[in-house]
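The listed protein sequences derive, respectively, from chains A and B.
Following the working numbering, the numbering of the first sequence begins with 13 at its first residue and continues without gaps.
Following the working numbering, the numbering of the second sequence begins with 14 at its first residue and continues without gaps.
Be aware that one or more of the hints could be misleading.
[Unchecked claim] Distance condition first, Cα-Cα at most 35 Å in a straight line; then the derived DSBU-like pairs of lysine-lysine:
{"hint": "1", "chain 1": "B", "residue 1": "39", "chain 2": "A", "residue 2": "33"}
{"hint": "2", "chain 1": "B", "residue 1": "260", "chain 2": "B", "residue 2": "87"}
{"hint": "3", "chain 1": "B", "residue 1": "58", "chain 2": "A", "residue 2": "30"}
[Unchecked claim] Derived DEER-like restraints, expressed as beta-carbon distance ranges:
{"hint": "4", "chain 1": "B", "residue 1": "34", "chain 2": "A", "residue 2": "222", "range": "29 to 35 Å"}
{"hint": "5", "chain 1": "B", "residue 1": "122", "chain 2": "A", "residue 2": "16", "range": "38 to 44 Å"}
{"hint": "6", "chain 1": "B", "residue 1": "77", "chain 2": "A", "residue 2": "24", "range": "28 to 34 Å"}
{"hint": "7", "chain 1": "A", "residue 1": "19", "chain 2": "B", "residue 2": "168", "range": "33 to 39 Å"}
{"hint": "8", "chain 1": "B", "residue 1": "143", "chain 2": "A", "residue 2": "26", "range": "42 to 48 Å"}
{"hint": "9", "chain 1": "B", "residue 1": "184", "chain 2": "A", "residue 2": "18", "range": "28 to 34 Å"}
{"hint": "10", "chain 1": "B", "residue 1": "146", "chain 2": "A", "residue 2": "180", "range": "55 to 61 Å"}
[Stated by the list, open to error] Computed far set for chain B versus chain A, every beta-carbon distance over 10 Å:
{"hint": "11", "residue": "61"}
{"hint": "12", "residue": "79"}
{"hint": "13", "residue": "87"}
{"hint": "14", "residue": "90"}
{"hint": "15", "residue": "102"}
{"hint": "16", "residue": "129"}
{"hint": "17", "residue": "151"}
{"hint": "18", "residue": "168"}
{"hint": "19", "residue": "194"}
{"hint": "20", "residue": "199"}
{"hint": "21", "residue": "226"}
Just so you know, the hints here were simulated from the structure itself, not pulled from any lab data.
Every residue gets a Cβ at the ideal spot worked out from N, C-alpha and C, and that includes glycine.
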Amino acid sequence: MIFELGRYILLMFRVFRKPEKWSVFRSQFLVEINNLGLESLGIVAIISVFMGAVVAIQTSYNIDSPLIPLTMVGFTTRQSVILEFSPTIISLILAGKIGSRIASEIGTMRVTEQIDALEVMGINPANYLILPKLTAAVFINPFIIILSIGFALVGGWLVALLTHLVTTHDYITGIRYDFDSYTIIYALIKTVFFAFLITTIAGYKGFFTRGGALEVGDASTKAVVWSCIFIILFNLILTQILLS
Amino acid sequence: MIEVLNISKSFGNKQVLNDVSMQFEKGKTNLIIGQSGSGKTVLMKCLVGLMPVDQGKIMFDGRSFHEMSFRKQKEIRKEIGMLFQGGALFDSLTVEENVIFPLTMFTAQSEEEKRERANFCLQRVNLKNSNHLYPSELSGGMIKRVAIARAIAMNPPYLFCDEPNSGLDPITSGVIDELISELTEEFQMTTVVNTHDMNSVIRIGDKVFFINDGRLWWEGDKHQVLYSDNEELNDFVFATELTRRLKAN
């Protein structure tokens with residue numbers, strides 16, 4: 013574990029160097045925005061809509077007392093989605109989607125000697141391969157999470173409308189009730205940390221892959237597992253720091 | 014010229030290279046031969062700077078690679094072209110983009126100039142009308158040719174080839190061998206080829222180095238290799254039925 017941590021830190025020193033050529037970095041950055049961000053929008057939208065809908069139904073189901081106003085459905089959906097579901101659950105989903113993609117892409121490049129080819133040419137492969145993915149994810153993931161929050165709130169509203177749990181007026185009133193913009197900042201800070209963890213852990217696992225196709229699959233699985241573990245761990249740490 | 018001076022390399026207790034010294038001459042195709050596990054690949058990785066050596070020096074025209082600063086090593090790496098065993102072409106790039114890649118990274122050439130150079134290199138390896146194909150759409154021989162075109166794109170003084178014929182049929186192997194030999198002579202490169210293909214040795218071995226058990230066991234040329242009295246070399250050279258029959262005749 014200490015060996016892995018040391019190797020990860022040393023890799024980060026190689027990642028955070030000046031890119032060989034800024035024009036190449038810029039085009040790679042844009043490609044990664046598309047690969048890691050825009051291509052994830054579909055799955056994020058579907059999960060978010062259903063997540064918001066389920067939270068709204070569950071909240072409504074748990075309101076037994078007539079003393080509790082139905083605006084609580086909108087309020088609880090908003091709080092749950094902003095504080096936890098969108099930044100954490102969507103990041104876990106992205107750990108699976110983009111984490112496995114990064115680890116298998118870089119792992120395949122390692123076992124097919126493409127990384128050695130970069131090194132022989134005099135290019136820093138860690139910087140060339142990982143930095144554009146890292147910066148792209150850190151840049152685009154907050155936008156994805158904001159969209160996810162929007163989709164989830166729409167999902168909650170749709171289910172309220174279709175099943176007559178609460179009126180649109182009550183739902184909107186609940187969403188607007190006692191809104192603290194700091195919760196959004198908290199969600200975005202978490203998102204940026206999680207994006208960093210996903211891309212660097214996946215990059216690390218891919219970069220040090222040895223062997224063949226079997227090991228690439230193994231690296232991809234480990235990248236997802238370790239990203240998820242660290243997301244959960246840092247979720248606790250960041251929540252304690254930012255909300256206590 | 015590349016000089017290897019008394020280099021040693023070990024992994025844990027296992028000594029892979031033991032006090033190896035050799036000279037690779039400019040304008041000649043220098044072949045390193047030896048059995049699998051003899052240390053050829055480790056030697057090649059040390060030569061191109063993918064592995065540090067434990068002892069000794071590797072001199073590129075008088076410049077000691079492993080004693081240089083990282084920045085100077087980087088400059089020498091730009092003078093190295095390498096053909097990897099599997100080609101190591103970048104999957105996400107087309108044939109033309111693969112050849113252009115080192116030019117984009119290290120030169121300030123315009124798109125037009127880079128394309129011109131790429132086309133020259135691709136034509137030189139006899140590849141036409143393949144510029145927009147991806148590596149997954151190429152045959153084994155074509156992959157090797159593109160890899161050679163990429164390796165010579167920067168006009169390097171040093172060319173390294175790791176098992177250039179692995180996985181190729183005898184005719185394509187011959188074509189690749191001839192290409193390496195021709196390019197070496199034409200561009201006056203110092204070429205080092207790692208191989209265990211005896212056909213390559215006989216075809217293009219201007220200088221041949223036999224590595225056995227991590228040591229330099231024998232050196233000579235393609236004419237001498239068949240008539241040596243070195244027992245280990247003969248065991249390697251005449252290991253196949255075909256070469257044994259040739260010797261008997």
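Hint check results:
no. : hint                        : in the structure
1   : 39(B) x 33(A)               : holds (32 Å)
2   : 260(B) x 87(B)              : violated (46 Å)
3   : 58(B) x 30(A)               : holds (26 Å)
4   : 34(B) x 222(A): 29 to 35 Å  : holds (30 Å)
5   : 122(B) x 16(A): 38 to 44 Å  : holds (42 Å)
6   : 77(B) x 24(A): 28 to 34 Å   : holds (30 Å)
7   : 19(A) x 168(B): 33 to 39 Å  : holds (37 Å)
8   : 143(B) x 26(A): 42 to 48 Å  : violated (34 Å)
9   : 184(B) x 18(A): 28 to 34 Å  : violated (50 Å)
10  : 146(B) x 180(A): 55 to 61 Å : holds (56 Å)
11  : 61                          : violated (5 Å)
12  : 79                          : holds (15 Å)
13  : 87                          : violated (4 Å)
14  : 90                          : violated (3 Å)
15  : 102                         : violated (8 Å)
16  : 129                         : holds (20 Å)
17  : 151                         : holds (14 Å)
18  : 168                         : holds (14 Å)
19  : 194                         : holds (22 Å)
20  : 199                         : holds (22 Å)
21  : 226                         : holds (25 Å)
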